[in-house]
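J.: One letter stands for each residue in the lines below.
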Amino acid sequence: MIRGRRRGVSTVIGAVIFLLIFAVAMTAMLAWAQSYASYVDVVREDQEFQNLRMMEELSLSFLNSSGKLLVEAGNPTPRMIIITQVWSNHTVQTGEWAVPAKTRVPINTDLSYAGMTASKVVTSRGNLFSGAQSTTGEDGIGGTGLSIIDIIEAGRWYVQWYNLSSRRVFDMKLGESYWETTSLTFQWGAASNDPVFGPYTKVGFNATTRLVALNTTMYINYYVNEDCRIILPELGIDTGWNNGTGYVEASVSPGGIYTVTVLYSRWTGAPFLTLNFVNADFVNLLKGT
Amino acid sequence: MSRGISEIVATLMMIVIVSSIGIALFVYSTGYFSGTTSAMGEVNRLNVNTVRERFLIVDTLVRSGASTEVSAAVYNYGRTTITIEAMFLNGTRLTLSWPVEIMPGEWAWVNGSTPFPVSSGSICSVRVASSLGNVYEAMVRT
Chain A
5 MIRGRRRGVS TVIGAVIFLL IFAVAMTAML AWAQSYASYV DVVREDQEFQ
55 NLRMMEELSL SFLNSSGKLL VEAGNPTPRM IIITQVWSNH TVQTGEWAVP
105 AKTRVPINTD LSYAGMTASK VVTSRGNLFS GAQSTTGEDG IGGTGLSIID
155 IIEAGRWYVQ WYNLSSRRVF DMKLGESYWE TTSLTFQWGA ASNDPVFGPY
205 TKVGFNATTR LVALNTTMYI NYYVNEDCRI ILPELGIDTG WNNGTGYVEA
255 SVSPGGIYTV TVLYSRWTGA PFLTLNFVNA DFVNLLKGT
Chain B
3 MSRGISEIVA TLMMIVIVSS IGIALFVYST GYFSGTTSAM GEVNRLNVNT
53 VRERFLIVDT LVRSGASTEV SAAVYNYGRT TITIEAMFLN GTRLTLSWPV
103 EIMPGEWAWV NGSTPFPVSS GSICSVRVAS SLGNVYEAMV RT
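First to last, the protein sequences are chains A and B. Terminal number for the first sequence in the numbering used here: 293, no gaps in between. Terminal number for the second sequence in the numbering used here: 144, no gaps in between.
Simulated from the structure, these hints should not be mistaken for laboratory data. Careful, some of the hints might be misleading.
[Unchecked claim] Sample of chain A residues facing chain B (criterion: CB under 7 Å; computed from the structure):
{"no.": "1", "residue": "I17"}
{"no.": "2", "residue": "F26"}
{"no.": "3", "residue": "V28"}
{"no.": "4", "residue": "Y43"}
{"no.": "5", "residue": "V46"}
Where a beta carbon is used, it is the ideal one built from N, C-alpha and C, also for glycine.
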């Protein structure tokens with residue numbers, strides 16, 4: 005009788021201790037499982053976020069609106085995109101601009117358009133879309149723009165002509181034209197009073213195109229009588245205003261596509277400009293379209 | 003009689019020994035599981051924050067003379083505050099004035115410097131690293 009009761013006491017104590025340890029272990033397991041489940045949830049949310057982020061797409065035009073930068077943002081995707089930052093060179097304007105699905109929205113900024121060589125917008129999902137001026141210039145160059153996509157599709161130069169109120173000041177847009185060569189010679193008149201565009205004698209233009217690099221180095225040779233300026237925004241190249249002969253040597257990636265803008269200002273003297281691009285071709289010509 | 007006492011004593015001793023070992027085992031296992039749970043929770047919290055951390059470099063300025071100064075505009079588009087603790091230029095760690103804390107949806111300039119110059123016009127990699135080990139790298143022309 006005594007022997008049997010003794011065995012019972014040990015069993016109870018052993019069972020209680022076992023149950024306690026088991027309960028502690030299970031509690032730990034439960035806590036770990038919950039914590040792991042929360043981690044999996046966060047990873048799943050992150051995957052969804054990354055999917056949305058990858059789907060974002062914008063077509064941008066950087067335009068001049070009374071000397072200020074106007075960004076025209078087109079959203080071809082089926083989801084709304086929120087732009088939180090607009091950068092012009094190294095200056096930023098923050099805000100919240102919603103671009104609804106399948107629409108195009110103008111974004112007026114306080115950023116100066118003059119001297120802008122590279123612009124970009126940043127979305128709330130952390131995408132960065134960059135581009136160059138659709139119409140490039142400074143000191144009051146105005147006019148409406150052509151989107152980068154249009155220029156790519158065109159595979160030619162989009163040229164905007166202006167009347168100048170003073171040297172390099174592009175005041176009034178006179179008209180447009182298109183050039184289809186990467187080796188062009190513009191020469192018109194010999195004297196300062198020879199008209200260049202209709203009756204106008206003091207004339208300037210900005211010409212923009214997109215070129216694909218054919219080698220690791222692209223050369224742009226120029227021969228000009230007052231003045232020309234060449235800008236390759238993706239490469240951070242801006243020659244400033246030049247006269248006479250010269251060249252730009254740009255280190256590029258073969259197959260890389262680059263925006264090229266040429267500004268020309270004729271104030272006095274014979275108007276001429278010769279440009280020759282080496283190791284470069286129009287984008288759509290290379291595609292054979 | 004003496005046999006009866008020794009049996010009681012033996013039983014009591016056995017109960018005391020079993021209880022002591024059991025309690026010791028219980029206390030040890032409680033501490034072990036508690037410590038493990040706590041450590042796992044901490045690891046999980048770090049992992050969650052690491053996944054939630056999202057940032058990118060939106061703009062970069064490199065000024066090179068006798069030494070080089072690099073400024074990177076870092077945008078935090080995640081849901082957690084990030085701390086940028088290190089910046090590298092072409093793999094060389096730059097000296098940061100202090101770690102930069104950036105709230106969700108905000109951006110800030112992170113400035114670093116190195117006593118070595120870089121050649122003008124060269125393409126450099128600028129990398130920023132957060133306190134949780136996430137990195138973002140951007141290529142920039144000096």
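J.: Now tell me if each hint is right for this structure.
T.: Hint by hint, here is what the structure shows:
| no. | hint | in the structure |
| --- | --- | --- |
| 1 | I17 | holds (6 Å) |
| 2 | F26 | violated (9 Å) |
| 3 | V28 | holds (5 Å) |
| 4 | Y43 | holds (5 Å) |
| 5 | V46 | holds (5 Å) |
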